[in-house]
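Enquirer: Chains A and B are the protein sequences, given in the same order.
If you're matching positions, the first sequence starts at 249 in this note's numbering and goes up one per residue.
If you're matching positions, the second sequence starts at 249 in this note's numbering and goes up one per residue.
No lab work stands behind these hints: they were computed from the structure.
Each hint should be verified, as a subset may be incorrect.
No distinction is drawn between identical chains; accordingly, a pair holds when it is met within one copy or between any pair of copies.
What the hints assert, rightly or not - DSS-like cross-link-like pairs, simulated, lysine-lysine; straight-line CA separation at most 27 Å:
no., residue 1, residue 2
1, Lys420, Lys959
2, Lys356, Lys982
3, Lys762, Lys782
4, Lys420, Lys377
5, Lys348, Lys896
6, Lys911, Lys815
7, Lys887, Lys782
8, Lys818, Lys911
9, Lys866, Lys276
10, Lys753, Lys911
11, Lys896, Lys753
12, Lys878, Lys825
13, Lys682, Lys805
14, Lys782, Lys333
15, Lys815, Lys948
16, Lys494, Lys866
17, Lys347, Lys982
18, Lys785, Lys887
19, Lys785, Lys896
20, Lys276, Lys356
21, Lys420, Lys348
22, Lys887, Lys788
23, Lys356, Lys818
24, Lys310, Lys948
25, Lys818, Lys866
26, Lys878, Lys788
27, Lys896, Lys782
28, Lys896, Lys805
The structure displayed is predicted, hence computed values, not measured ones.
Number of protein chains: 2
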Amino acid sequence: MTKITANEFSGATFRPQQFIRAERLGSKVNVDQLNLFVESSPENAKLTRDLITQVTMDPVLKTGSEYYELDKSQHREATALKIAKMASYMEQDIQMAFKKYRNHDVVKSLQTDSEFPILTAKDLSIFDKRLSIISNQDPQLGTRIGVHLGLFGNCIRGNGTDEQIRYWLQEKGALFLKGIYGCFAMTELGHGSNVAQLQTRAEFDSETDSFKINTPDLPATKWWIGGAAHTATHATVYARLIVDKKDYGVKTFVVPLRDPTTFQLLPGVFIGDIGAKMGRDGIDNGWIQFQNVVIPHEYMLSRFTRVINSGGSLRVETEPTLDQISGYSALLNGRVNMVMDSFRFGSKFATIAIRYAVGRQQFAPDNDKTGKASEVQLMNYPLHQYRVLPHLAVVYLISPAAFQLMSTYHSTLDALYKASSSGDKRQLQSVSLKLKDLFIDSASLKATNTWLVATVIDELRQACGGHGYSAYNGFGKGYNDWVVQCTWEGDNSILSLTSARSILKKFTDLAQGKVQKSESFRYLDPQSVMDILKGSKTAKLESMNDYFEVWGIMLVKMLHHCVNLVKQTKSTDSISKHLLLISRFHAFHSMLRVFSLKLQSSADSHVQDENSRELLWKLYRLFSVYFIDKYSGEFQQFKVFTPDQISKLVQPQLIGLLPEVRKECIALTDAFKLPDAMLNAPIGYYDGDIYNNYYNEVIKNNPPEPDGPGKPAYHGLLRTMLERGFQGVENLEKLGS
Amino acid sequence: MTKITANEFSGATFRPQQFIRAERLGSKVNVDQLNLFVESSPENAKLTRDLITQVTMDPVLKTGSEYYELDKSQHREATALKIAKMASYMEQDIQMAFKKYRNHDVVKSLQTDSEFPILTAKDLSIFDKRLSIISNQDPQLGTRIGVHLGLFGNCIRGNGTDEQIRYWLQEKGALFLKGIYGCFAMTELGHGSNVAQLQTRAEFDSETDSFKINTPDLPATKWWIGGAAHTATHATVYARLIVDKKDYGVKTFVVPLRDPTTFQLLPGVFIGDIGAKMGRDGIDNGWIQFQNVVIPHEYMLSRFTRVINSGGSLRVETEPTLDQISGYSALLNGRVNMVMDSFRFGSKFATIAIRYAVGRQQFAPDNDKTGKASEVQLMNYPLHQYRVLPHLAVVYLISPAAFQLMSTYHSTLDALYKASSSGDKRQLQSVSLKLKDLFIDSASLKATNTWLVATVIDELRQACGGHGYSAYNGFGKGYNDWVVQCTWEGDNSILSLTSARSILKKFTDLAQGKVQKSESFRYLDPQSVMDILKGSKTAKLESMNDYFEVWGIMLVKMLHHCVNLVKQTKSTDSISKHLLLISRFHAFHSMLRVFSLKLQSSADSHVQDENSRELLWKLYRLFSVYFIDKYSGEFQQFKVFTPDQISKLVQPQLIGLLPEVRKECIALTDAFKLPDAMLNAPIGYYDGDIYNNYYNEVIKNNPPEPDGPGKPAYHGLLRTMLERGFQGVENLEKLGS
């Protein structure tokens with residue numbers, strides 16, 4: 249094997265580094281301010297950078313190209329090792345949050361001192377962010393911890409009494425990745441989205457004051473349970489509460505699975521490995537069957553539903569509204585996080601594909617008659633700009649929406665805990681309305697953005713040609729790891745339908761004079777709706793606000809069309825396809841609105857530099873017109889734009905914006921400030937030395953074969969085939985048949 | 249571990265088998281005739297079935313769920329073993345084709361007897377079909393043989409003299425997978441699509457009458473070469489022909505790489521492994537660098553370009569038109585095959601997802617107030633029908649086009665060989681025109697259908713929810729293996745642009761009175777074009793022909809728009825996005841036209857049963873209206889349909905067809921006649937016993953851990969983490985800081 253580097257040759261065909269360097273020299277924008285914009289604040293930006301540095305440099309946590317070579321069992325073990333390392337970081341993060349680093353072991357107090365204040369979400373915010381950052385580098389690690397803290401932990405927080413929360417999460421140590429490790433046993437082999445029909449049974453036995461957990465048939469097997477195959481000592485189990493043979497519907501129970509010391513399964517618990525998956529092989533998804541597994545009465549999570557067993561008389565008390573909401577709230581956290589993941593994961597692949605497109609050359613210019621002109625940079629082709637740059641705009645548009653959703657989530661959940669602790673009916677009423685809007689927004693943003701980023705990864709991989717198919721450039725594992733986000737914790741189609749039905753309900757409620765107060769539904773302002781339907785308010789693309797308002801006009805017209813269609817056909821069959829789009833357009837409207845509000849304020853946006861602001865406005869417009877064009881079928885069908893407006897207004901703006909954004913595409917990706925170690929894809933490294941970087945990673949991971957370079961271990965098999973003699977049937981006569 | 253089967257329980261939640269059985273009982277169509285339709289003829293259908301039986305039962309070739317557990321090196325070796333087995337089948341297939349099975353070793357004669365007739369494509373047609381069938385089961389195996397026979401072999405056939413063809417392919421044994429194994433060294437690290445700019449050099453040395461092959465710099469490294477890392481003994485190398493320092497452009501050369509006996513690399517040849525990829529890990533893609541590798545003059549493939557070295561005087565003779573065409577013809581075979589692959593691969597995933605959707609239940613009906621109604625079959629939801637059934641229509645529409653393209657390919661290539669052997673100028677002229685049309689059609693069909701099937705697999709996986717993400721249900725590896733078809737042997741975007749530019753050229757040629765004779769371009773009939781542009785011919789959806797003609801109208805209007813746009817903007821920048829669609833719409837037009845022609849004739853279609861014909865017409869209409877709706881933006885923008893026609897004509901037809909096709913969806917998938925062993929995805933098996941089948945495959949592949957069920961080898965690591973003590977900093981005072 250030899251190594252010829254491009255630099256050794258004076259007549260080298262390509263020098264991609266020079267192109268990338270030239271873009272940086274020619275840039276007129278402020279990369280630091282762009283970074284503040286996408287990271288939401290200077291404090292956040294600094295924290296992000298510090299955490300990125302730590303997770304990419306830590307000898308256990310860092311992830312190089314060898315990551316793409318690991319098999320399933322190696323991924324599983326490497327992930328477990330990383331979890332243990334993350335546990336150490338967590339204790340430090342909590343110490344720092346309490347500002348009691350010195351002279352006080354905060355975790356010890358939280359676990360052992362019942363007078364010590366209870367841990368809040370805020371105290372865990374640094375670690376949450378650390379987890380979000382490392383998920384961008386190693387998604388399966390993020391999930392495997394997230395199942396324990398986010399799903400198991402939030403199931404207990406959302407459904408447990410204060411005592412249960414303190415017991416499981418602090419005393420037992422779950423919140424600190426100590427003592428016990430949890431999994432979230434909701435999904436069954438036969439039931440995913442339809443939680444209310446789960447079949448696992450938890451039957452109350454009043455004599456022993458305990459529950460028996462049972463799996464009644466094969467489809468009721470808990471399935472896909474992350475952490476179950478190897479790690480979890482406990483599960484929060486979704487099971488039907490049966491008291492005196494009466495079925496009270498699905499409630500939540502903590503069920504021990506394994507002895508945390510020996511890791512042997514406990515009596516009546518049967519567990520197996522789900523095995524190989526499309527991606528995220530580092531997660532030990534398993535299946536669980538229960539046969540008369542006994543748990544004490546106290547292991548039922550009883551914040552909103554309680555079984556009262558007083559001297560032989562049994563009764564079930566429940567708080568119906570909140571009971572139902574909180575049952576799903578464990579999934580809310582995941583959905584909110586997935587919108588943030590969409591931003592971070594998208595930014596990674598946008599960086600890789602754009603640096604490659606700037607460095608890569610292909611075909612001489614059309615007007616070159618000499619055959620000597622050097623080949624054109626991929627990024628200079630209009631088609632390539634169209635294939636790549638809108639995805640960059642997508643990533644930029646996700647960020648402000650993700651940060652805002654996160655903040656709404658935290659404030660709403662805080663309000664919920666306060667209201668449910670105080671028991672104040674008015675407060676409960678108000679927080680339950682907020683929670684419903686949060687369900688709609690998080691569902692539509694989760695579904696829309698996880699789908700968008702799946703497309704981003706897929707189309708950007710294709711834009712990198714053959715090299716996008718190499719495992720070492722990250723797209724393959726990235727895509728395989730990513731796409732499950734479209735299915736889990738709320739299937740995207742179901743989430744879209746659910747959120748769109750709620751939006752449709754809000755629309756029909758307008759006729760009853762019910763006014764929407766939430767910012768996300770500003771497009772349902774009664775006056776504005778009337779103006780749109782009467783035709784006095786029409787779509788335009790002049791002021792910056794027009795670019796999000798046009799989506800509001802679209803939504804109103806589509807909702808109106810759906811109402812009519814249901815009236816005419818007496819069935820909702822014909823609108824389900826439209827409902828998917830209503831959810832998506834609601835998300836687009838939110839994203840554009842939040843982005844433009846933020847950018848209008850130089851304090852909020854942290855962008856004072858005029859060129860940078862201008863550029864961000866271009867991304868905003870590009871996002872809007874790209875999707876207007878993509879959904880021009882709907883825009884014309886519902887008469888938001890005429891065919892001529894599509895040809896003369898929308899498409900020329902789209903075609904015109906692409907070369908503008910192209911000028912600063914390297915700055916826009918540099919602004920994500922993702923180090924090479926986070927990208928883990930040599931064709932996208934900062935220095936742009938595409939060919940050497942890529943070649944080196946390939947060489948590093950593929951040393952010469954033991955029998956000699958290029959000589960496979962199974963060469964004997966090949967030789968036997970090639971050297972075989974003639975096999976045909978000859979001269980049968982001599983057999984005298 | 250226990251196994252609870254659904255059948256053991258009288259109160260079993262689900263019995264998916266019953267649903268599937270009921271569909272079969274209720275079917276009113278003739279599955280056998282539908283099968284004849286997609287397999288094109290009774291002879292073909294029988295051959296397909298025999299070959300499927302053989303490749304799914306052969307102990308070496310068969311592929312079970314353990315396939316999804318193999319790592320890269322296991323895939324490589326298992327694939328090599330299968331190649332050797334395929335080689336045996338091949339000899340038998342050739343014997344049978346020559347009908348000289350008895351008393352004559354045909355392969356021996358072909359290799360050793362120069363008087364024996366030369367092998368034609370027809371003699372290999374059974375094996376070609378066998379390869380196509382097994383590619384549906386194990387795509388990497390198909391490719392690994394396809395690189396040798398299709399790319400290496402066709403490069404020699406397309407560029408070699410008759411003597412060279414006989415020497416390399418027959419005498420040396422390449423065509424029989426004997427003696428030598430070839431790879432196709434076209435792509436370089438720095439050059440993919442732009443073949444004319446490849447940098448590898450082949451310099452002629454008149455003194456030794458030989459060529460020196462060199463890799464001038466790193467980006468000129470041959471890259472992605474399938475078979476190079478482990479298997480290939482020879483390569484057809486694309487390199488710049490340099491004679492007397494003059495560069496004659498890229499030509500083809502046979503270069504030995506390894507000793508076929510020892511598998512050691514030959515002098516000056518440096519080879520490494522490309523390593524891990526997104527999919528198809530069973531292919532040993534490699535990189536090659538040449539340093540002064542010497543090959544004899546005769547190893548240059550010289551059908552159209554020759555270096556004449558007579559007594560010190562050097563001259564290069566070339567046949568310019570055919571030289572260029574034939575240079576690319578090696579790729580043509582692959583493109584044609586990929587359209588057939590699209591049909592076969594698509595049929596597999598359509599079968600899996602549709603059987604699952606019929607067997608799977610989710611949510612009770614909306615009108616159920618009792619909570620006791622059994623849950624609704626997924627397939628009965630209008631949204632699910634919309635998500636799934638158009639993909640079934642896609643698969644059905646691909647088949648007739650694929651068979652027709654294959655037949656055009658063979659007849660055109662035959663004509664080319666005849667014309668180039670005879671040297672008849674008129675024949676050469678005529679065949680070169682046919683070849684150009686074949687380039688357009690194959691490019692647009694390859695790009696369109698490989699993209700469509702990528703979407704088919706992706707969206708059908710999502711339609712199977714979480715279980716679609718399990719490796720054992722095939723979608724993961726299926727997608728990863730598939731998507732490279734969108735990139736290799738002509739990147740889909742480039743192919744689409746190229747074919748659309750040729751179509752645009754044909755359109756502008758009309759003004760010069762040039763008339764298109766090819767059937768594929770019937771929509772460019774001058775009178776019809778004029779009628780469309782004058783507005784006297786408009787789109788409708790009444791007769792069956794309307795459903796393909798509407799795409800012709802669309803194409804004419806779009807081409808006209810592009811011509812105007814280029815005139816106005818003086819640049820082609822604004823049309824590249826439209827060009828992509830022109831290529832796609834051209835493919836849709838062809839597919840619909842070929843399908844309807846076939847179905848109109850009961851002899852051609854082999855469908856006499858009226859219900860079955862009706863059903864096929866419904867699939868045809870569904871395909872057309874589904875894509876009209878999907879591209880309704882263009883249909884309205886270019887005024888083929890008005891917004892109201894979309895709402896009142898197109899969408900109601902779409903919504904109306906779905907429940908019609910749904911009624912026979914099981915029959916339509918049964919008609920592909922794919923045995924379970926070919927599907928290799930338990931949620932899609934014939935008996936519909938989804939949960940037991942799936943559970944059993946998971947159990948089979950995941951036996952209990954050696955230390956006890958559910959106890960991972962790395963449990964010590966987990967225990968250490970969970971049992972760790974307190975780590976915080978306490979009582980620093982005593983250190984007396």
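Enquirer: Tell me the hint numbers this structure goes against, listed in increasing order.
Expert: 5, 10, 14, 15, 16, 20 and 23
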